[in-house]
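**Q** Listed below are the residues making up each chain.
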Amino acid sequence: MAELNHYLVLSGVLFTIGTAGVLLRRNVITVLLSLEVMLNAVNLSFIAFGRFLGSSDGQIIVFFVITVAAAEAAVGLALVIALFRHVETLNPDAFRQLRG
Amino acid sequence: MGFELILFYVFAAIAIGTTLLVVVQSNPVYSVLLLIGSFIGLAGLYVLLQAPFVAVIQIIVYAGAIMVLFLFVVMLLNAPREELVTSGILESPATRTIGAMLAIAFAAELAWALNRSSTLAWTVTDVTRRPFSVPEIGRRLFQDYAFAFEATSILILVAMIGAITLAGRQLTEGARLKSRPAGDASRTDGGMAEGGRAEGGRAQL
Amino acid sequence: MAPASRRAGERALIPSVAIAQLVIVGFVFVVLLTAAAGMVYMERKVAARIQQRMGPTLVGPYGLLQPLADIIKLAMKEDTRPKAADPILFALAPIISAAAAFTAFAVVPFGAETDFFGLLDQPVPLQIADVNVAILWVFAVASMGVYGIVLAGWSSNSKYSLLGALRSSAQMISYELSYGMALAAVLVLAGSMSIREIVDAQAGAWLGFIPRWFVFLQPIGFFIFMTAGVAETNRAPFDFPEAEQELVAGYHTEYSSMSFAMFFLAEYINMVAVSAIASNLYLGGWHGPLLPLWLGWIWFLLKVGFLLFFYVWMRWTLPRYRYDQLMAFGWKFLLPLSVINLLATAAGVLYFGI
Amino acid sequence: MLSWIPLLPFIGFAINTFGARRLPAKAIGAIASLAMFAAFVVSVVAVGRLTAQPADSREIVQTLFTWIGSADFQVPLALRLDPLSALMILVVTGIGFLIHVYSTAYMIEEEPHEYARYFAYLNLFAGFMLLLVLGENFLVLFVGWEGVGLCSYLLIGFWYQKGVAADAGKKAFIVNRIGDVAFVLGVLLAFSQFGTVSFRELNGVIAGLPAESSFGVVSAIALLLFIGATGKSAQIPLYVWLPDAMEGPTPVSALIHAATMVTAGVYLIGRNAVVFAHAPEVLTIVAVIGTATALWAGAIGMVQNDIKRVLAYSTVSQLGYMFMAMGVGAFTAGIFHLFTHAFFKALLFLGSGAVIHALAGEQDLRHMGGLKKELPVTYWTFLIGAIAIAGVPGLAGFFSKDEILYRTFAGGHQLLWVVGAVTSLMTAFYMFRLVFLAFHGERRHAPVAQGFSPAYPVVHDSHHAHLHDAPMAMAIPLVVLAIGSVVAGYLNVPAGLGGSAVLERFLEPSLHVPAMEGAHAAADHADHALEIVLMVVSSAIAFAGIGLAAFLYLKRTDIPDALVAKFPGVYLFLVRKGYIDELYDAVVVQPIKALSEGVLWKADARVIDGAVNGTGQIVVETGSLVRRVQTGSVRTYAVSVLFGAVLVVGYFLWS
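Same order as they appear, the protein sequences are chains A, B, C and D.
Going by this note's numbering, the residue at position 11 of the first sequence is 11; the numbering climbs one at a time, nothing skipped.
Going by this note's numbering, the residue at position 189 of the second sequence is 189; the numbering climbs one at a time, nothing skipped.
Going by this note's numbering, the residue at position 150 of the third sequence is 150; the numbering climbs one at a time, nothing skipped.
Going by this note's numbering, the residue at position 385 of the fourth sequence is 385; the numbering climbs one at a time, nothing skipped.
Please keep in mind that the hints were generated in silico from the structure rather than gathered at the bench.
Note that CB positions come from ideal geometry on N, CA and C, so glycine has one too.
Just so you know, not all the hints are guaranteed correct.
To be verified - Which residues of chain C face chain B? A few of them, derived with a C-beta cut under 7 Å, are:
{"no.": "1", "residue": "L136"}
{"no.": "2", "residue": "S143"}
{"no.": "3", "residue": "L318"}
Full structure from sequences and hints, please.
**A** The following block contains the structure:
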């Protein structure tokens, strides 16, 4: 019988992996993927809490997260394409035109 | 060790393994596919958590739509293997270590939080055993959360328009000239697929 | 005595049902494989008839063994792979398509509950899994099918393949929306997402002679579903991924032998799946006049068969669209139509309690 | 049901606004008039239902929705029909409908879309006016109040190409604002003191209090409301806008500036009779102001030469009468006069409109005369109107005016009575001066065509064209109103003439004022002999005025000029409207201009702009410092975000 902390630990691990990906990868697309991972980790804990508190809010919030994730992916990828056209690379460190 | 627990470990293993590979994988296409695998693992966990609806939605939206989008972009840009460029200060080992240390610190904090908090020993009680039926969730979603729902729909619309205006633009002559020979095939296709999506977008709008 | 017997019954019951389930799974698998083979035969025959030819006649009586010959031929061929191809994905792609095609069938019921003539103490549904989100499952699996094609196209690293892949993925994504809308309209009508319940909602008849099939309530929905289904299965007139005249063979240009066979298989099984779902959702599944419920599966087979024939018929009758026409049709006609259909259905249910 | 009464005109407004360029002129006029007629019918039905109820508690309330709901401050958007508002809606819709019909013919020479604009405004006005009279609380009434103000502005400035009209519109708007400020203050005071904006509750609360001996809260409220009323109803000192308002189309003058809107002030006082009754001092002020206005406007009216201006001043003067009645506590009489006045003044304006129409925009009395023959219908109806307003026995004006005078006298305000009597003399005089100058004698031509109005193209030369009498659409309203002017009075035949004051008893529930019991009783039980005597006197006065006018303008037409020559000062003073406009300009307008100039160049240019620029400067400075942080590299940002996250989580874990 899985307890709540099983799920929470799992979600924490996933979240950390995602974070590391965001920080360490040098490919914008992979960074975005890692972002999705983080979102999913959060979703998991939401649903787990919802389940163990006996409330459907957890699931409902997950819908909203998924929606936002979709929007984020669409815009993010569009940006990636636009950037790629200019600097012909996916390395986030190459996008430095906004240096103050 | 009950059947459910076994399933939990199986799915958890799938999720963690694939996710790790996603992060270490240097070929974006593989990353995308592995991420889909991780999504499917999570979907399994959702089913264990009595949320089959979310599980299926997860597969449809994440695996079915968002990831296809990623795959599209990867192919469209004919994404190169990650170059080992060293771009100034940011590539100095100092910053890298800072990033890594922060990540570790964060993980540590999470662990700490987990074993500190008292809610962890919860198991499913009879009260909370009952799964939520789809109609129930729908009712809450469209009644209690109606406003948030409408807000997100507007958000989606805006994102759609933004994506089209950002990416739907045709390549400028300059960009064409700068284009690398290696990926010309993919670029032409990209143009077409792009046209397809842009058109779809317009029709949606 | 009685308790003992009940215990015995229980002891006997648990495994027997499990066995029955396993049997059903295996049965479905085999039937699908043979169905694919049968489809090949049917396709060639019908095509020939439409073109005023005889079609396969030599192998076996009426050329019935032709499919077998085809399979053997394919199996015997050498499995080639382009040098520049990505080995793993190139191998993975056909598996994904075939797997997706099979998975879709997991939730498709094909008959009423039966206890196999008293073989079991408790009737089992003729279905692999009766999940309460079946429709969404179908939708999800359909969206998974894209990957096989896209990966195939991309991994084989050839212009034609990539063109086909991109085309097909764009096409599938575009038509999935209408597909989903049509499904949604049906589940609004039936008030359930379990296909079995949807089918049972179509039992009986109006005025005694018109069967309560949703196709009569949802003619537009049926049309949309079938059109989108054809597009989803990449069949003519929407067979862009493999437009021989334009892209040699589209996404599976580079494939040969069994890996090619798998795509082939996937296409036909997809057809079967779509037809089965369509006949469940719109044509009342195994419900039909004249036949007792335990023989309903016959009705089911008839309906599926008809739809399959319809597929083939269409392929050999209609010319292929142009790509932009396809997109325009999908986004500017089919999608709005499906939305309107959904709204109309919802309004009907809400105000007239259909 | 009630909601339809204001709604119908609004619908007409909407249709005419959006259909302006698509609909043919006929349709536009028809729609507008139809909307009004429908509103009239609904009103009649509503009033019918009202009268069906028991006499002492007649009212229909319809609450549409809670308009403002904040804690204990709940304002419903509610409509209330009681005898008073019943009378008002009948007047507004009925006469409004007639004037719409009249306008269809009067404005026909406008451009189609202008025509649509006109009727849209007219409908909008009607809608707001009905909202005003039906409002159940001050706020709803205020919406109507401002709405009619807006419409009056729009309609006065309808021919905005004409500078004078535009200015007149602005003048009306601004002068009304002054009153409105007082009005709002009054409402706020009422709310802050008694915690309600509903008429019924407010009056209920105040009815419980004793009448204020000294100037207290209630008096303040009453005074503020009264100032608001002076703005809307053109009383001293805020009457100056009304004469200029005559720049608008004549039917507008008839509807807004004679029959309905300008009486809003009177209605307001009637609606809050209790409040005023509890503020005796304010009542006195009201009475004095009203009487003064009546006299002053009448005096000016005697010498004006613009046919519409004469009527305008007569309107002001009659309004003064109404306020006088209110002031002496004779609320019924005042409302009664409002009612009759609506008929004959609308009639007079429409008649003058017919004249102007016939003369192609000529408005100067000195260039008229002898129109009796060419315009029989106009003449006779106009004459009836004149007789009615002059107070000749048997017609509407007689009853209402004598009611007022009698009440005034019986109320113990003999002085006011004298002034009122003089005023009625003036009234009779200037009305018949108008009649004789316009219709009798022989035609006097203008040296050159005067009285510009875009409605009449200049090619249409007025003098040699054959004069056409009012067309059907204009004649019918005239006749109807003429009949009204005759019979309207018989609704309230005073007890003195053996009549049973129907209207009075009908209005009783709305205007019932416990505090005034004494006065009413006194008036009611006053011997009818006195009433008869007063009537004879005032009738005599009326005839005297008519006779004088006849003598001066039919027999000895040289005397007026002689008088003018003898007392040029007085004449000039009156013709120039007592230099009031010039006075206001000097005392109010110029100082304000100067002040704002000063503020502009001192405060605004230095202080405010300085502050703004300073802020900008500061931002620039800080930005140039802080921008170092912006490395432009995504991952630095990511790291910093994570750093923050770590800190926050750590904080929560520590505590």
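**Q** Confirm or reject each hint.
**A** Against the structure, the hints:
no.	hint	in the structure
1	L136	holds, 4 Å
2	S143	holds, 3 Å
3	L318	violated, 21 Å
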